[in-house]
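Engineer: Take a look at the letters that make up each chain.
2 protein chains.
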Amino acid sequence: MHITVARETSSAVPVAQVRIAGVLAPVVTPFDREFKPDAKRYIEHCNWLLANGIGLAPFGTNSEANSLTVDERVELLDLLLGSGVDPRRVMPGTGCCAIADTVRLSRHAVENGCAGVLMLPPFYYKQVTDEGLYRSFASVIDRVANDRLKIYLYHIPPVAQVGLSLALIERLLKSYPSAIAGIKDSSGDWNNTKQLLDAFGKSGFDVFVGSETLLLANMRNGGKGAISAMANVNPGGISSLYRHWQATDAEERQSVLDRYRKLFGQYPMIPALKRAVAHWARSEDWARVRPPLVELAGADAAALIDQLKAAGFDMAGR
Amino acid sequence: MHITVARETSSAVPVAQVRIAGVLAPVVTPFDREFKPDAKRYIEHCNWLLANGIGLAPFGTNSEANSLTVDERVELLDLLLGSGVDPRRVMPGTGCCAIADTVRLSRHAVENGCAGVLMLPPFYYKQVTDEGLYRSFASVIDRVANDRLKIYLYHIPPVAQVGLSLALIERLLKSYPSAIAGIKDSSGDWNNTKQLLDAFGKSGFDVFVGSETLLLANMRNGGKGAISAMANVNPGGISSLYRHWQATDAEERQSVLDRYRKLFGQYPMIPALKRAVAHWARSEDWARVRPPLVELAGADAAALIDQLKAAGFDMAGR
Chain B
406 MHITVARETS SAVPVAQVRI AGVLAPVVTP FDREFKPDAK RYIEHCNWLL
456 ANGIGLAPFG TNSEANSLTV DERVELLDLL LGSGVDPRRV MPGTGCCAIA
506 DTVRLSRHAV ENGCAGVLML PPFYYKQVTD EGLYRSFASV IDRVANDRLK
556 IYLYHIPPVA QVGLSLALIE RLLKSYPSAI AGIKDSSGDW NNTKQLLDAF
606 GKSGFDVFVG SETLLLANMR NGGKGAISAM ANVNPGGISS LYRHWQATDA
656 EERQSVLDRY RKLFGQYPMI PALKRAVAHW ARSEDWARVR PPLVELAGAD
706 AAALIDQLKA AGFDMAGR
Chain Z
406 MHITVARETS SAVPVAQVRI AGVLAPVVTP FDREFKPDAK RYIEHCNWLL
456 ANGIGLAPFG TNSEANSLTV DERVELLDLL LGSGVDPRRV MPGTGCCAIA
506 DTVRLSRHAV ENGCAGVLML PPFYYKQVTD EGLYRSFASV IDRVANDRLK
556 IYLYHIPPVA QVGLSLALIE RLLKSYPSAI AGIKDSSGDW NNTKQLLDAF
606 GKSGFDVFVG SETLLLANMR NGGKGAISAM ANVNPGGISS LYRHWQATDA
656 EERQSVLDRY RKLFGQYPMI PALKRAVAHW ARSEDWARVR PPLVELAGAD
706 AAALIDQLKA AGFDMAGR
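Same order as they appear, the protein sequences are chains B and Z.
Under the numbering used here, the letters of the first sequence match residues 406 to 723, in that order.
Under the numbering used here, the letters of the second sequence match residues 406 to 723, in that order.
What you were told as hints is all true, and nothing was included just to trick you.
Put simply, identical chains are the same to the list, so a pair is met inside one copy or across any two.
The list that follows gives simulated cross-link-like pairs (lysine to any residue, SDA-like), each with its CA atoms no further than 25 Å apart:
id, residue 1, residue 2
1, LYS531, GLY568
2, LYS441, TYR539
3, LYS579, ASP552
4, LYS531, ASN596
5, LYS531, PHE440
6, LYS531, ALA702
7, LYS667, GLY641
8, LYS531, TRP595
9, LYS441, HIS513
10, LYS667, THR534
11, LYS531, GLY670
12, LYS531, ALA706
13, LYS599, SER570
14, LYS441, VAL508
15, LYS531, LYS667
16, LYS441, ILE546
17, LYS579, TYR539
Rather than coming from a laboratory, the hints here were simulated on the basis of the structure.
Assemble the whole structure, with the sequences as input and the hints as a guide.
Structural biologist: See the structure below:
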């Protein structure tokens, strides 16, 4: 595996802590004809991703996590880890609108040895205060009450519409330096990522970009990797840039990744990702999405696949 | 009670159907010191609301519904109805991000005889299509599969950020004329309410405004009432305007309601409502909110109560 780990040592805590770094995929979730999660296909896809050198971030935005019930998320993680996947390569999304749900999912992940959890803020109410968001995260940490908890804050204002300010992160880091491990910045705004790196990057706060289009910039500025939709379909290419970001051809590698992103970006991302998996895994079932999303079908589906092939895109071994 | 009911008859379905109308409160949810729902205080408050002539819309935006787990919502409704409250005066909110949760809550409500359910669209993904939203509601109706299901669509773009277009409503009404019973319009935009009334108001689609400030306008244009935050603290005043909207002093009554709304509107609405209940019910516990909300305290709390008293506001009998 090309997921790298860094070891922290501490005289107070004799257990070596492992920090995840590298490229992770917010794993797309396959549904069967009854629109139930299809564990067999899910585990197959996860193993293909792992074999291509990346880690797993199940239950992210691209996983349709919030279209799953809490029970479904618990069960699917149990099946995944039960299949033999190393939890140190897994960072499940756990942030829900209700704190009690976030606590339950986070506790479940940490008790199963996961590398960390990716945590959305509660996202129903808008224009909430930093004080309210601080209490949300603090309340989860206090209630999970497990020293091994590593939270990666999930900043995705275009979707959640509730963002995480630098002042909030600073306050959380001060109160919970061990639990607040980093962030996934899906703002799509490099200035924000740069500010995060400058403010907190040197104090054990790990910055992951939410798109591989910013992976090279992130690595050059002290970031730790990317947690990106496109890692579902191009894990090898993205993990290769991660490993070779200091190589002379890094910018060329980045531009290939950008080209593929552009092709997918012509369509709604989740349906497009699932369409590609459906094509290369030769399984129409993979194209299915839960409402309110709509699958990519017909002419759009055909056009995407044609364009990808013409651009030399492939999902080898899938 | 002043909740009025209209009877539908049908040769195919011999059971008389009851349609709820009037004023309903999205009931605020009290929490104990462990931030768990406090059923005793909740039922007390509900009974006071009912005694003041209004109906109950538990688990709305002002109920912090999305800060509750699905299990908490099921349990609280069971306790409420188990206490003897007439389910024909109750319209619980049931719309979640995950369709399976919406199905579970809607089925539970309809099987317990509730007048209807207030249904948010899935609200995590933004800029979703009408096709995707149509499938969301259709999927819930098909899976609940109960002729008694009456859905009141919940249109609240300022919070959910996912709105319900006229074209979507028209399509839903065509496919599900019995299940789609009406809407709560919390857009705050009278033009939108007027369009809804003009387009669908005469065909058995019941329009409730989401603020009592539009109650008189709604009634004058064929609407059915209001489901409003302020009904938690001024049920008598609002239900009185509903009953007397054709009286000569209706505009005067409306302006009193508007004045009270303005005083509460200086502060975040839910903390302000709970602060008022805490004061008049003489119970500090009522002021508590779940994160990401923050309770109204200190000088703001004192100022609100002082201003309310100075304006002649009272919660008699609370």
